[in-house]
Amino acid sequence: MAFPSARRFKSLPPLTSTAGRGQADERSCLALLQGCESLPKLLQAQAFLLKSGLQANPLVLAKFTSTASSLDAVDAATSLLFHPRATTHLYDDVLFNTVIRSHANAHRPESKQEAIFYYSLMLRGNLHPNKFTFPFLLKACAGLPSAHGIGSQVHASAVKFGFADDSYVQNTLIHMYSSSTTGLDCARKVFDRNPKSSPVTWSAMIAGYVRSGLSNEAVTLFREMQVSRVRADDVVIITVLSACADLGALELARWLGSYVERERIPKSLSLCNALVDALAKCGDIDGAVAFFKRMPERSIVSWTSVIDGLAMHSRGSEAVCVFEAMKDAGVPPDDVTFISVLTACSHAGMVDEGCRYFDSMRSEFGLQPKIEHYGCMVDLFSRAGMVERAVEFVRTMPIEPNPVIWRTLVSACRIHGRLELGESINKQLLDKDPMNSSSYVMLSNVYALTRRWDKKWEIRKAMSKHGIRKVPGCSSVELDGEIYEFIAGDTSHLQYKEIYEMVEEIGRKLKKAGYVPISSEVLLDIDEGDKEDALHWHSEKLAIAFMMLKTPPKTPIRIVKNLRVCADCHLATKFISKVYDREIIVRDRNRFHCFKDGFCSCKDFW
DNA sequence: TTAGGGTTAG
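Quick note on numbering: the working numbering labels position 42 of the first sequence as 549, and the sequence is numbered without any gaps.
These are computed hints drawn from the structure, not numbers from a lab. Honestly, I wouldn't trust all of these hints.
Said to hold, decoys possible - Restricting the straight-line Cα-Cα distance to at most 20 Å, the calculated cross-link-like pairs of lysine to aspartate or glutamate (DMTMM-like) are:
id: 1; residue 1: K939; residue 2: E879
id: 2; residue 1: K1057; residue 2: E992
id: 3; residue 1: K1004; residue 2: E992
id: 4; residue 1: K703; residue 2: E724
id: 5; residue 1: K800; residue 2: E831
id: 6; residue 1: K962; residue 2: E930
Let the sequences and hints guide you as you build the complete structure.
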């Protein structure tokens, strides 16, 4: 058989011999390849293989490719395998599986594409795939942006060769299809057809929902799994915990923590990390820190999760302490850690510390700041009211600013009363990024603040011209293990009349206590009385009223929002926390607000 | 040689 040459050959030293040298050389080659993890070692082995003429020995080649852990090593190994002078009649399915697996496991989309290329090479050489081939191949498909399209072709191939019913193939099919939003229905079809006796099948489908942002569906499926009495393992728990983190489902996250203890599920490092992350993102930062402290082993992910959690809760100085402890423990921070540390400084108004840490990325750790780190710095200056400095920072930064950075600046201008500057930046932003609804909403806010209703009307027209709609505000709460969602002005809830009456009652009590609604938050040119009404029905107030009705006095109320808290809801919630003596913990789009005794943990700084 | 997961600016 004749294989076309692979596309990316490294230049290889000239061959001194192509003849096999017998068993002794084969054994020494295998010994050399044992534990051959690093690239220099692999290249050394590669040279030895060529020298001894063993580069076409399938046993040696399979070993060679399977030891290749880094991308460069995979390249080096395959270039040797498909060397023009390699003796191709020795190629077999096992060898190709090894090559496909190495490429499927490499973290780079091009490598996944390569895996598929080698499969086509295999078929062109009239080699038949075996049952191991498809799980590798489908995993490669899952990593591609066009997973659904290519994956279904591979699926058809698995059917043709009679391996589609294998349980490993079925589970990887679920994973592959659910890796793209368009394939979620296909994944569910495969899932529904399966016996579902293994936790692998369940976690593949549950994770698919989480990846598509359907965490509620993920939790529902986990409950079905409980009913069907399949024992969850650590991977299932990790997946469901990530759904909890997304939803802010604290009760469920805590329940999973105790389930792990009760069922003696192995507390792997990843599982512990997932629990720390979920507890922090669900608002139980003290629980997260306590669990983190008890962990027998900690990775960079554990440290970063805890720093990030503290940052979200405005506990900047504690976050910085943990960061220092991490360095003392000999764990060097990476770029993700720095995003968390800089966020911590930003949310706690620690400008000097933030600048120092930003500089230390390069000077102490040799890390090149990315656009996200520049974004953190713009946010750091902006929140602290240093608008000029933020603008200057953007002007001189060595990377092209992206829309996120421009939006951060616009928002700073609005909060700190620099309306003209904000307006001009916002207009540029709309030119560059005309399809983003938040740019329109922000500019519309500026016009509302300056009472330029005609301009606001133009914005509304521009939005409808582009077919853009404002994302509706949504607040959710967890009660007895159920998640209840509220959307502004929503009347679909069964008890909506009671809820609306409660909102009215709260409003009356608040006014007696001195609350004056902030009506500039209403983006309509209606009279003041109607504006107050519109504010009443913000989703956050509906959620609070619902929990007031449903829980005993003094029970803390936890709310998860999809947008940032508006100024009026922020003020009203402060009053509610005092008047009703309730702790109210709100997770907004990017941080936590803990309202207690009339104050918020963000110190009105968000 | 086989499957499922895992911290990221606003």
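How the hints compare with the structure:
Between K939 and E879 the alpha-carbon distance is near 19 Å, which keeps this suggested pair within the 20 Å criterion. Distance check on the hinted pair: K1057 and E992 sit about 14 Å apart at the alpha-carbon level, within 20 Å; holds. A C-alpha spacing of about 16 Å is found between K1004 and E992, which places the hinted pair at or below 20 Å, so the restraint holds. Restraint check for K703 and E724: the C-alpha separation of about 17 Å stays at or below 20 Å, so the hint holds.
Proximity of K800 to E831 is assessed by CA-CA distance (about 15 Å); at most 20 Å being required, the pair is judged to hold. In summary, the hint linking K962 to E930 is supported, as the alpha carbons are separated by about 11 Å, within the 20 Å threshold.
Checked against the numbered hints above, the structure breaks none of them.
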